[in-house]
Amino acid sequence: MDKEERNSNYNLYVESKIPKTRAWPSLFKAFLLGGFICALGQGFYDLYSYLFPNLAESELSTCMLMTIIFITCFLTGLGVYDVIGAWGGAGSVIPITGFSNSISSPAIEFKKEGIIYGICVKMFTIAGPVIVCGVVGSILCGIVGLFM
Amino acid sequence: MINIWDYVISFLVGGFICFLAQILVIRTKITTARILVLFLIIGMILEVLNIYAPFREFAKAGASVPIIGFGATLARGAITAAQESGFIGIFTGGLSAASGGIAMAIFASFIFALIFNSKTKRGGH
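For the record, the sequence lines run as chains Y and R.
Going by the working numbering, the first residue of the first sequence is number 1, and it counts up by one from there.
Going by the working numbering, the first residue of the second sequence is number 1, and it counts up by one from there.
With the rest of the complex left out, here is chain R (with noise of 0.2 Å):
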């Protein structure tokens, strides 16, 4: 049932994306809206030239966690629900497709916001 590979290969995958990040942020100073934005026009390029799949279908939770998954998601919403109710779609797919996460992200921001109140930074973003 479970298979021990899917965690090594996610680990692996997943790390190694982090890695290339963090070789630019050591290079560029590139700000962290701006490294969000790249990696997820990154999977969008890769989801609109169908390389992203089989990529997915390899590395598992490992290509679906970062960043880029959120932008391949939003491309195959947008493409899948385009082909089948054509000009609606263009405009529906992409955020129903996303909608979980977006939705997940700004609900529990909220809920949390209202519960805690800020600590001190101690640095990080």
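Just chain Y, with the same shape it has in the complex (with noise of 0.2 Å):
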């Protein structure tokens, strides 16, 4: 047997043995979760607002998405948040809880190999793409927005 055809073999063997998503509830479930957290964080950007009524908008929406992305931190400290992900699919990557997970979620499972390369070092496994990206495309939006 050649080698590309054991190759496109194997690929099939291991095709037939990954558990098939079943789309349409794993769309329903995404769609359920992430319009929760979203109407979630509409709920504490109203408690924020009837609270402290002489910030600008901008800013109850940093102290919603703080508060939120502080509860997803607590929740994968607590272990909860992997089973609302496996759950939930991109309903809870999508949102800032997303986000938030990624940093925390390698910053718990990697403690053991120490604060500075456990903690510290492995935080931005995930999150460090979307950083770079984030200051990266920002950069070039202010660029743009010069000319603007």
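Keep in mind that the hints are not guaranteed to be accurate.
Unchecked claim - Heads up, incomplete: computed chain Y residues facing chain R, CB under 7 Å, no partners named: (1) 27; (2) 30; (3) 31; (4) 104; (5) 109; (6) 123.
Said to hold, decoys possible - With a cut-off of at most 20 Å between alpha-carbon atoms, the simulated EDC-like pairs for lysine to aspartate or glutamate come out as follows: (7) Y:17 x Y:5; (8) Y:3 x Y:15; (9) Y:122 x Y:109; (10) R:29 x Y:15; (11) R:119 x Y:109; (12) R:119 x Y:113.
Source of the hints: derived by calculation from the structure; they are not laboratory data.
Cβ atoms here follow ideal geometry from the backbone N, Cα and C, with glycine treated the same way.
Both chains come to you apart, so use the hints to assemble them.
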């Protein structure tokens, strides 16, 4: 049996062993979870606009996002967010909770490798690209803004 | 004071964005980091094209909670700072606008990483 044929057979075998995500239920769950997190965010936004009426809209937004990020880190620490993520798929990734979880999850997981090389380094294994693309992209946007 | 419509539209729009992302996940087996970066860039593009502000006005938290809103905040910060303080604003604007979220994510992760030990993974990412 030549190498290519063996490789393609192996790929087929792997394909058949990968658990199939059934499309519709997972789409529906992602919709529900994502929608729920956004509605929760709106709840915090309304709460803060009631408590601090003289804050600007963008500051209220920041407060709301910080609250959600904090809660997500806490839930990740408890191990609850993994369960939520396994249920809701992309519904747990796309809201800001996904960003927050992507920082806290490796930080907690690699704690045993020490504070510097475990927590501080591994914290950015997933979120690093997000921050890098965010910074580079924002600078490009700023350059565009100069000419607007 | 509390407008029920805000919640309904947040739920529907936020849910729909996650729905689209889930389609991508099923079709392409895209990784978490890639999908976050993809939607971040979409947010920036929306902001540069001036589509995000009316979208935010319409969808409330449904627009600002998804990572799209994070990208838009970075882009808006850089654009505003560039127009107000010129060249230096290009570099300072983006991160200072998004600093609250990034600082809280890093701080809370660090504190909770010190407090909690990792649990056995039960799937997910």
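Okay, the hints, checked on the actual structure:
no. : hint          : result
1   : 27            : 5 Å, holds
2   : 30            : 4 Å, holds
3   : 31            : 4 Å, holds
4   : 104           : 4 Å, holds
5   : 109           : 5 Å, holds
6   : 123           : 6 Å, holds
7   : Y:17 x Y:5    : 18 Å, holds
8   : Y:3 x Y:15    : 18 Å, holds
9   : Y:122 x Y:109 : 9 Å, holds
10  : R:29 x Y:15   : 12 Å, holds
11  : R:119 x Y:109 : 8 Å, holds
12  : R:119 x Y:113 : 15 Å, holds
When each numbered hint is compared with the structure, no violation occurs for any of them.
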